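Residues per chain are reported as follows:
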Amino acid sequence: SAGAAMAATDISKLPVVTQELVAPPFLPKHDQVAKGGPKVVKVRMETIEKLVQVAPDGTKMWALTFNGTVPGPLIVVHEGDYVELTLVNPKTSTMAHNVDFHASTGALGSAGLTLVAPGEDVVVRWKATKAGVFVYHCAPGGTMIPFHVISGMNGAIMVLPRDGLKDNKGKSVRYDRAYYIGEQDLYLPKDKDGKYKVYSQPAEGMAEMLEVGKGLIPTHVVFNGAVGALTGDNALKAKVGEKVLFIHSQANRDSRPHLIGGHGDLVWQGGKFSDPPMTNQETWFVPGGGTGVALYEFKQPGLYVYLSHNLLEAVLLGAAAHMNVEGKWDDDLMIQLKKPNENSTPAMDH
Amino acid sequence: SAGAAMAATDISKLPVVTQELVAPPFLPKHDQVAKGGPKVVKVRMETIEKLVQVAPDGTKMWALTFNGTVPGPLIVVHEGDYVELTLVNPKTSTMAHNVDFHASTGALGSAGLTLVAPGEDVVVRWKATKAGVFVYHCAPGGTMIPFHVISGMNGAIMVLPRDGLKDNKGKSVRYDRAYYIGEQDLYLPKDKDGKYKVYSQPAEGMAEMLEVGKGLIPTHVVFNGAVGALTGDNALKAKVGEKVLFIHSQANRDSRPHLIGGHGDLVWQGGKFSDPPMTNQETWFVPGGGTGVALYEFKQPGLYVYLSHNLLEAVLLGAAAHMNVEGKWDDDLMIQLKKPNENSTPAMDH
Amino acid sequence: SAGAAMAATDISKLPVVTQELVAPPFLPKHDQVAKGGPKVVKVRMETIEKLVQVAPDGTKMWALTFNGTVPGPLIVVHEGDYVELTLVNPKTSTMAHNVDFHASTGALGSAGLTLVAPGEDVVVRWKATKAGVFVYHCAPGGTMIPFHVISGMNGAIMVLPRDGLKDNKGKSVRYDRAYYIGEQDLYLPKDKDGKYKVYSQPAEGMAEMLEVGKGLIPTHVVFNGAVGALTGDNALKAKVGEKVLFIHSQANRDSRPHLIGGHGDLVWQGGKFSDPPMTNQETWFVPGGGTGVALYEFKQPGLYVYLSHNLLEAVLLGAAAHMNVEGKWDDDLMIQLKKPNENSTPAMDH
Ligand SMILES: [Cu+2]
Ligand SMILES: [Cu+2]
Ligand SMILES: [Cu+2]
Ligand SMILES: [Cu+2]
Ligand SMILES: [Cu+2]
Ligand SMILES: [Cu+2]
Ligand SMILES: [Mg+2]
Ligand SMILES: [Mg+2]
Ligand SMILES: [Mg+2]
Ligand SMILES: [Mg+2]
Ligand SMILES: [Mg+2]
Ligand SMILES: [Mg+2]
Ligand SMILES: [Mg+2]
Ligand SMILES: [Mg+2]
Ligand SMILES: [Mg+2]
Numbered sequence: 001s002a003g004a005a006m007a008a009t010d011i012s013k014l015p016v017v018t019q020e021l022v023a024p025p026f027l028p029k030h031d032q033v034a035k036g037g038p039k040v041v042k043v044r045m046e047t048i049e050k051l052v053q054v055a056p057d058g059t060k061m062w063a064l065t066f067n068g069t070v071p072g073p074l075i076v077v078h079e080g081d082y083v084e085l086t087l088v089n090p091k092t093s094t095m096a097h098n099v100d101f102h103a104s105t106g107a108l109g110s111a112g113l114t115l116v117a118p119g120e121d122v123v124v125r126w127k128a129t130k131a132g133v134f135v136y137h138c139a140p141g142g143t144m145i146p147f148h149v150i151s152g153m154n155g156a157i158m159v160l161p162r163d164g165l166k167d168n169k170g171k172s173v174r175y176d177r178a179y180y181i182g183e184q185d186l187y188l189p190k191d192k193d194g195k196y197k198v199y200s201q202p203a204e205g206m207a208e209m210l211e212v213g214k215g216l217i218p219t220h221v222v223f224n225g226a227v228g229a230l231t232g233d234n235a236l237k238a239k240v241g242e243k244v245l246f247i248h249s250q251a252n253r254d255s256r257p258h259l260i261g262g263h264g265d266l267v268w269q270g271g272k273f274s275d276p277p278m279t280n281q282e283t284w285f286v287p288g289g290g291t292g293v294a295l296y297e298f299k300q301p302g303l304y305v306y307l308s309h310n311l312l313e314a315v316l317l318g319a320a321a322h323m324n325v326e327g328k329w330d331d332d333l334m335i336q337l338k339k340p341n342e343n344s345t346p347a348m349d350h
Numbered sequence: 001s002a003g004a005a006m007a008a009t010d011i012s013k014l015p016v017v018t019q020e021l022v023a024p025p026f027l028p029k030h031d032q033v034a035k036g037g038p039k040v041v042k043v044r045m046e047t048i049e050k051l052v053q054v055a056p057d058g059t060k061m062w063a064l065t066f067n068g069t070v071p072g073p074l075i076v077v078h079e080g081d082y083v084e085l086t087l088v089n090p091k092t093s094t095m096a097h098n099v100d101f102h103a104s105t106g107a108l109g110s111a112g113l114t115l116v117a118p119g120e121d122v123v124v125r126w127k128a129t130k131a132g133v134f135v136y137h138c139a140p141g142g143t144m145i146p147f148h149v150i151s152g153m154n155g156a157i158m159v160l161p162r163d164g165l166k167d168n169k170g171k172s173v174r175y176d177r178a179y180y181i182g183e184q185d186l187y188l189p190k191d192k193d194g195k196y197k198v199y200s201q202p203a204e205g206m207a208e209m210l211e212v213g214k215g216l217i218p219t220h221v222v223f224n225g226a227v228g229a230l231t232g233d234n235a236l237k238a239k240v241g242e243k244v245l246f247i248h249s250q251a252n253r254d255s256r257p258h259l260i261g262g263h264g265d266l267v268w269q270g271g272k273f274s275d276p277p278m279t280n281q282e283t284w285f286v287p288g289g290g291t292g293v294a295l296y297e298f299k300q301p302g303l304y305v306y307l308s309h310n311l312l313e314a315v316l317l318g319a320a321a322h323m324n325v326e327g328k329w330d331d332d333l334m335i336q337l338k339k340p341n342e343n344s345t346p347a348m349d350h
Numbered sequence: 001s002a003g004a005a006m007a008a009t010d011i012s013k014l015p016v017v018t019q020e021l022v023a024p025p026f027l028p029k030h031d032q033v034a035k036g037g038p039k040v041v042k043v044r045m046e047t048i049e050k051l052v053q054v055a056p057d058g059t060k061m062w063a064l065t066f067n068g069t070v071p072g073p074l075i076v077v078h079e080g081d082y083v084e085l086t087l088v089n090p091k092t093s094t095m096a097h098n099v100d101f102h103a104s105t106g107a108l109g110s111a112g113l114t115l116v117a118p119g120e121d122v123v124v125r126w127k128a129t130k131a132g133v134f135v136y137h138c139a140p141g142g143t144m145i146p147f148h149v150i151s152g153m154n155g156a157i158m159v160l161p162r163d164g165l166k167d168n169k170g171k172s173v174r175y176d177r178a179y180y181i182g183e184q185d186l187y188l189p190k191d192k193d194g195k196y197k198v199y200s201q202p203a204e205g206m207a208e209m210l211e212v213g214k215g216l217i218p219t220h221v222v223f224n225g226a227v228g229a230l231t232g233d234n235a236l237k238a239k240v241g242e243k244v245l246f247i248h249s250q251a252n253r254d255s256r257p258h259l260i261g262g263h264g265d266l267v268w269q270g271g272k273f274s275d276p277p278m279t280n281q282e283t284w285f286v287p288g289g290g291t292g293v294a295l296y297e298f299k300q301p302g303l304y305v306y307l308s309h310n311l312l313e314a315v316l317l318g319a320a321a322h323m324n325v326e327g328k329w330d331d332d333l334m335i336q337l338k339k340p341n342e343n344s345t346p347a348m349d350h
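If you read the protein sequences in the order shown, they are chains A, B and C.
Each residue of the first sequence is one higher than the one before, counting from 1 in the numbering used here.
Each residue of the second sequence is one higher than the one before, counting from 1 in the numbering used here.
Each residue of the third sequence is one higher than the one before, counting from 1 in the numbering used here.
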């Protein structure tokens, strides 16, 4: 159409940059405030099927992934930029895949234009018109949609306002670090002995996984693909005085992120930057198929736990990450005035 | 009382209109901006018990309904109007019914004044003092309350501000179309062979349905009463450039509406129009016993899916509707630059 | 450190008050608008383990509590005040306990500084820097965390703005009464005969309770510790014209409070007072590990039900309270124009 031809001409004059995607919880290099006008941002994602361990007890599942990680990489652009995605399905894959970007407009979020069989690739370009963090996920149609999503095939894109983030008063705010936490609900079938089954390829487990899934109660709820993926050596890091942006996505199931010992100073519940953030939240809420973004300035050193505050899900099913924060303790904010066991006071009657 | 007498005198001078209720997803004829001052809006609802098919596999259940549909009809009035409801329980009914309007004030939302046995009718009038979309449902007391609600006996009323809707900047907005989607969670018992049971009358299934319901995991989650009720010939319709209002109610269980390929430009999360709407949402949230309203201007033609973005609920349990949008495709917003399978690029190592 | 020394010096000059905590749903004596500057507010909590009845059918469980009640007492301070907690674990206890205040900053919300074995006590002081209602709960580490929380060991603190609450326009509002409702999800194991088990001490039931808990579906959802704890003689009370503040906490699982026959005129969803409240809500949402606060001016006398509007949870699992409101009925808001059964109108065809 004439409109399309015009748009193509305009876009052809825009600067083109390639964004090297990285594995979560990290973000690709990006500017918080855009330099110059709209760009075409090229990204490449491969649809990788792989057998992965999802819990310390050795439980394995066939993960369906973008670029080999659960969640897929966080893409970062600015409002008004164009995302040019090359989606590659390797010859070694067993299934067709595509991608539905919640941030995009039309064609089922581009899912209708990106279905690639093993050995195929496709290129699609779409305009990021709305600022915020949005889920993307594979959506090949019918029961394949929940199967691919609960198998790990989802991630998120952050569309920053061109002039960066604003607080609840409209004042600019910057983050010193940012982490992307993708929460994944798993529905793993067990054999007759109560052991989690391992299948020889993804399709083999599909009917049984969907049967577990139909009951809506996950066997695991994990951050970044596995129980404990963000603890120990992989714990998140920060320093006192730093403002850390916590970007949380959940492509399928409700969640409620919380930072033990800290807060969400600014919380974009819903994850969209055109809205004023909520403030001082203890726990925020992410609907299934959505995101939540929180900014927190750390005030105290030590261990923090970032989790879903259904504590059964956090502790028994896996939805927890650790964070180590360096710096100086502030006695004004908290102090232990008397150690345990020094002097017992008489207990009251109850 | 004197106050009541005065009020009655005043109300007796108001214009009286009758609103013909229609089956969802459609809305009765109404003005977005009220003409003139407050009115008395007369509506009539019948409590209809009927055996209905709720899934393409032939599953049947006794639906308890207002006016024969699940959900019941959307009533539309303006803030300050009076709703005068005639509630009729046909002689052929097997149960007593009533109605709790969340939008009303006092007497358990009028449930305490409207209980009608088979063959009875009642007239109640209440003032719509709060703008927004509010659930109504049958609430006959005790375990009858959840039984009637999970059997389909719920709907919603939209109380518009007299001067219509406003966006997040306080600017007036109008919708070109509006659809009412009532989401219903069902808890259908199975027999020993794993087949859904059919009962000879509603009361016969009550104990077993509540036993399933006590587990809190529905067997079906449907829009407008049945799996597929809003797909195929019954798909929603719109045109590029139209602003469509999506009115969603869920009388019992949390939900998370999402429009695949589109967005909520303006989202009244909580469904109340006295609050500024959220913007640019991918997915919004409706608490059980609440509503959510989204306005979207369509930018691209094609198929859209409106669903609850727990994809297990949408695809396996039924919580999905289709929408066909006509118009011109906009290549600026999205374009397929390279078709699948034309030129494979070498896959990266992972 | 020098900073700590300085802070200690400053704090030592502040007025010190002792707050006598009381059993929910009641609040300790407090000022809505703070008199004078920041204070040190001393509170004392004991970690009481006790066998309690949780349902009218005689079902019993070992409650782990703060001060003997589920939920623990509501603490009330003002923003900028310091909370000085003495936490006492009686010699008769069988377990170690501590407290994580979501309102505090650092040391896992003070959980890292407050672990007390039976017979020990500890004193910790922390500064209330953020206004709102925040959960506190026991968090002794690992699987003890969900076990103590689902056994009842949680409560809330209300940190009021020094100048009191403000409505959505920034205008001061006061409440005439306030009630604290702590919602608790229970996961009680059954024996082979389908009867709820009673254990000889808390630790005996831990593994089995966590096994039920892992399924994420509670056997009971109760307000203030037991099915029916806030009904009958213990129903909440108010008068027409009074503004009542409903403070709701849920330390583990999502909830959706609703007042049948009334509304949330002002709703702090998320429970934080630095944000403008939502208005006119029928139902609000509390994420697991969070709070929700609603203010309502009663307009009609009679019975109200305050519940979680998943009606299965409210009626079958216990999540409901009653409220009796005295005053004059307002016919303008609602009136029964025709009693049931006087004149039947002919039913329509459907
Ligand atoms: Cu896929
Ligand atoms: Cu999606
Ligand atoms: Cu009914
Ligand atoms: Cu209700
Ligand atoms: Cu404890
Ligand atoms: Cu906590
Ligand atoms: Mg890569
Ligand atoms: Mg840029
Ligand atoms: Mg979209
Ligand atoms: Mg009709
Ligand atoms: Mg009107
Ligand atoms: Mg109401
Ligand atoms: Mg006490
Ligand atoms: Mg004070
Ligand atoms: Mg905290």
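Calculated from the structure, these hints are not laboratory results.
Bear in mind the structure is a predicted one, so any value in this text is a computation, not a measurement.
For every residue, glycine included, the Cβ atom is placed at its ideal position computed from N, Cα and C.
Treat the hints with care, as some may be off.
Unchecked claim - Below, computed lysine to any residue pairings styled on SDA-like, alpha-carbon distance capped at 20 Å: (1) B:LYS190 / A:ALA23; (2) C:LYS214 / A:TYR196; (3) B:LYS166 / B:THR129; (4) A:LYS243 / C:PRO276; (5) B:LYS50 / B:ALA96; (6) C:LYS237 / C:ASP191; (7) C:LYS237 / C:ALA23; (8) A:LYS197 / A:LEU216; (9) A:LYS42 / A:THR59; (10) B:LYS339 / A:GLY112; (11) B:LYS197 / A:GLY215; (12) A:LYS169 / B:LYS190; (13) C:LYS39 / A:ASP332; (14) C:LYS169 / C:LYS237; (15) C:LYS195 / B:ALA207.
Stated by the list, open to error - Stretch by stretch, here's where chain B covers chain A in the computed footprint (C-beta under 8 Å, at least three residues): (16) 108-120; (17) 139-148; (18) 288-301; (19) 306-318; (20) 332-339.
The hints, checked one at a time:
Using a Cα cut-off of 20 Å, the hinted pair LYS190 of chain B and ALA23 of chain A is violated, with the two alpha carbons roughly 45 Å apart. Between LYS214 of chain C and TYR196 of chain A, the direct Cα distance comes to roughly 16 Å. Compliance with the 20 Å bound is thereby established for this hinted pair. A distance of roughly 18 Å separates the Cα atoms of LYS166 of chain B and THR129 of chain B; the hinted pair therefore holds under the 20 Å criterion. For a cut-off of 20 Å, the pair hint linking LYS243 of chain A to PRO276 of chain C is broken: about 24 Å separates their Cα positions.
Pair hint LYS50 of chain B plus ALA96 of chain B holds up; C-alpha atoms about 14 Å apart against a cutoff of 20 Å. With a C-alpha separation of about 39 Å, the suggested pair LYS237 of chain C and ASP191 of chain C falls outside the 20 Å cut-off, and the hint is violated. Restraint check for LYS237 of chain C and ALA23 of chain C: satisfied, since their Cα atoms lie roughly 16 Å apart, inside the 20 Å limit. Of the supplied pair hints, the one linking LYS197 of chain A and LEU216 of chain A holds, its CA atoms being roughly 19 Å apart against a limit of 20 Å.
With a CA separation close to 36 Å, the supplied pair LYS42 of chain A and THR59 of chain A exceeds the 20 Å bound. Under the criterion of a C-alpha separation no larger than 20 Å, the hint pairing LYS339 of chain B with GLY112 of chain A is consistent with the structure, at around 12 Å. Proximity of LYS197 of chain B to GLY215 of chain A is assessed by CA-CA distance (about 19 Å); at most 20 Å being required, the pair is judged to hold. Distance restraint check for LYS169 of chain A and LYS190 of chain B: the Cα-Cα separation of roughly 55 Å exceeds the 20 Å cut-off, and the hinted pair is therefore not satisfied.
For the given pair, LYS39 of chain C sits about 13 Å from ASP332 of chain A by alpha-carbon distance, which is consistent with the 20 Å threshold. About 28 Å separates the Cα atoms of LYS169 of chain C and LYS237 of chain C, which puts this hinted pair outside 20 Å; it is violated. For a cut-off of 20 Å, the pair hint linking LYS195 of chain C to ALA207 of chain B stands: about 19 Å separates their Cα positions. Here the segment 108-120 of chain A counts 12 residues with a CB under 8 Å from a CB of chain B, which clears the bar of 3, and the coverage holds.
For the segment 139-148 of chain A, the assignment as covered by chain B holds, since 5 residues bring a beta-carbon within under 8 Å of that chain's beta-carbons and 3 suffice. Coverage of the segment 288-301 of chain A by chain B holds. Counting CB-CB distances below 8 Å, 4 residues qualify, and the rule asks for three or more. Interface restraint, the segment 306-318 of chain A with chain B: violated (0 residues with C-beta to C-beta distance below 8 Å; minimum three). Interface restraint, the segment 332-339 of chain A with chain B: violated (0 residues with C-beta to C-beta distance below 8 Å; minimum three).
Of the numbered hints stated above, those contradicted by the structure are hints 1, 4, 6, 9, 12, 14, 19 and 20, listed in ascending order.
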